[in-house]
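With chain R held as given, fit chain H onto it using these hints.
In order, the protein sequences belong to chains R and H.
First residue of the first sequence: 1, per my numbering; consecutive thereafter.
First residue of the second sequence: 1, per my numbering; consecutive thereafter.
No incorrect hints appear here.
Far from chain R, some chain H residues (derived; all Cβ distances over 10 Å):
(1) I88
(2) N141
(3) L142
Some chain R residues judged to face chain H by a derived CB distance under 8 Å, without partners named:
(4) D32
(5) S35
(6) N39
(7) L51
(8) Q55
(9) G64
Keep in mind the hints are simulated off the structure, nothing from the lab.
All C-beta atoms in this analysis are idealised placements derived from N, C-alpha and C, irrespective of residue type, glycine included.
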Amino acid sequence: MKLNQLKEILQAKVLTNHLPIDIEINNIIASDLMSDVLNTKNPAELLLTGLSNNQAVRTCEIAGIKAIIFVRGKTPDEETIKLAESCKIPLLSCDLSMFETCGLLYSRGLKNPDSKYGTGNNPSGRI
Amino acid sequence: MEQETILQEEFEIAGGDFVNGGVASCRIKNILKEIGVDANILRRVAIASYEAEMNVVMYAKKGIMKLILTPNKVIIRVDDEGPGIPDIELAMQPGYSTATPEMREMGFGAGMGLPNIKKNADVFNINSTVNKGTNLEITINLNNKNE
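Okay, chain R solo, but in the shape it has when bound (with noise of 0.2 Å):
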């Protein structure tokens, strides 16, 4: 599914300026703590996070991870979106919590990067 397609499902709206949203995402890792972040197996391609620091970046920079979309309305200062933008990961905000914007798009078939279980539309898909 492409990114801008998440945008619409989510209904978010995109911080960056003059960065491409029609990137492929397939595997996305959601939490606040970076450690978590850093310790999959498999490269995720989106972070869904409630951290809005610079911090966010650098680790999604770190891990070759492509874009995040922010959770909860969160919104990173400026400083944050020009670093973003400087490293070519493009930014999104949505207002639902982390647990309605997981499930919706686990439901779509969108899955973690180190999954052992099927896709939400594949439940019983299991690897």
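Showing chain H alone in chain R's frame:
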């Protein structure tokens, strides 16, 4: 056996500087990416060096991070001046942490840093002297995937 050093770079890390914490690791990642290092190895080096760099930012006064590249491996050496670690075995246990609320607000301090460095390294050495500082050496081989 001593090996030829292809490349060596040094980066300064300032303790308490959360704004620039991670800059050195991102530069290391970009240097190795330009050379054409395998993506999986690149990710392991970047994660291990970033965890080590953030430890200096969080706990030490200052530190030096060194990138050494040989034909067969990447070595990251981090030497800091700071409080040191009284019990390394305890600090290596997942979940053990002495982090302050400020560190936790930045998304760190869950006691996962050192175990995650070890997980990503092929060889990991750590030495520490209380009230002096901590020295880490992280070696990642270029010719295997550690999986």
